[in-house]
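Chains A and B supply the protein sequences, listed in that same order. Each residue of the first sequence is one higher than the last, beginning at 1 in the numbering used here. Each residue of the second sequence is one higher than the last, beginning at 1 in the numbering used here.
Each hint can be trusted.
DSBU-like, lysine-lysine: derived pairs with alpha carbons at most 35 Å apart:
(1) A:K141 - A:K165
(2) B:K8 - A:K52
(3) B:K8 - A:K11
(4) A:K196 - A:K52
Everything labelled a hint here was simulated from the structure, so no lab data went into it. Keep in mind that this is a model prediction, so the values were computed, not measured.
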Amino acid sequence: MVVTRDDRGNKFNIRPTGSSPWSTPLFVGGEHLASLGFNYGLAFDHRGQFPKVTESSFTLFSTLESTPLLRLEFLDAANRAPKSHWQFHADRGAFSHLLARSHAVRPKRARTPHDLSRLHLPLGGTRFRPCLEDFLEMLIKECGIDAQRQWHAALESGRQEWREKQTSAAVRDKPDIAAETLRSLGWKVTAPRRKKSTKSQREANSW
Amino acid sequence: MTVRVITKTREDLLARRREILDGLGLNLTQYRRLLAEGDLGPAEWQVRDEMAEIQFLLSAD
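Starting from the given sequences, assemble the full structure and let the hints guide the process.
Here it is as structure tokens:
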């Protein structure tokens, strides 16, 4: 792994060693059939206390072609596209037909009628997006990619940590909802005298 | 797992980006247009993550 940081120490990027996305080979029965590219960009939060992922990209490549098969991407600053989304590099005649007809009516929305990979399939925004462990488990369980013996425990452990952090962040986004839910479960929750500022509802509800 | 930490100056990042673009035979505007239009070819995909890293590290805080 390589962590690259800017000389101000404000931003960090994490990716596999080597500049090529083909540097993480994936095997099926020992045969190199695909590769995984991944990339994380981290910056400090608005208080300058904790690093947070502001963008990430997980890409599956086939060894047959040098373009992606599918991508799971996150861009916190996105506003036109969903912050977290899948992009499938595939073709489907009926889908292209739908988009071509839409393009004729609303060209600014359905901008690329013949390219499904340009669609951003939304995934739950910043808080509820999948993690790398989800992507890897899909590759192992559904694409039959070779894995180490302890893969499941390792992925479950990583996913648990991820979900706990995301839950905590979601509570910070909407503490009133969290308090109400806890009260409904029998907890006693008292609001502080002075509430800390939270994410705007628009931001917390963005796609 | 071995983790290597590298610190890059703005000049390092700009020089590396120029080197990548020279290798592709593109200028930055042309590369960005291909990226925005979803028209990256195999050679551009090969360097896409590194270009994204450079852009991220160069971008304003």
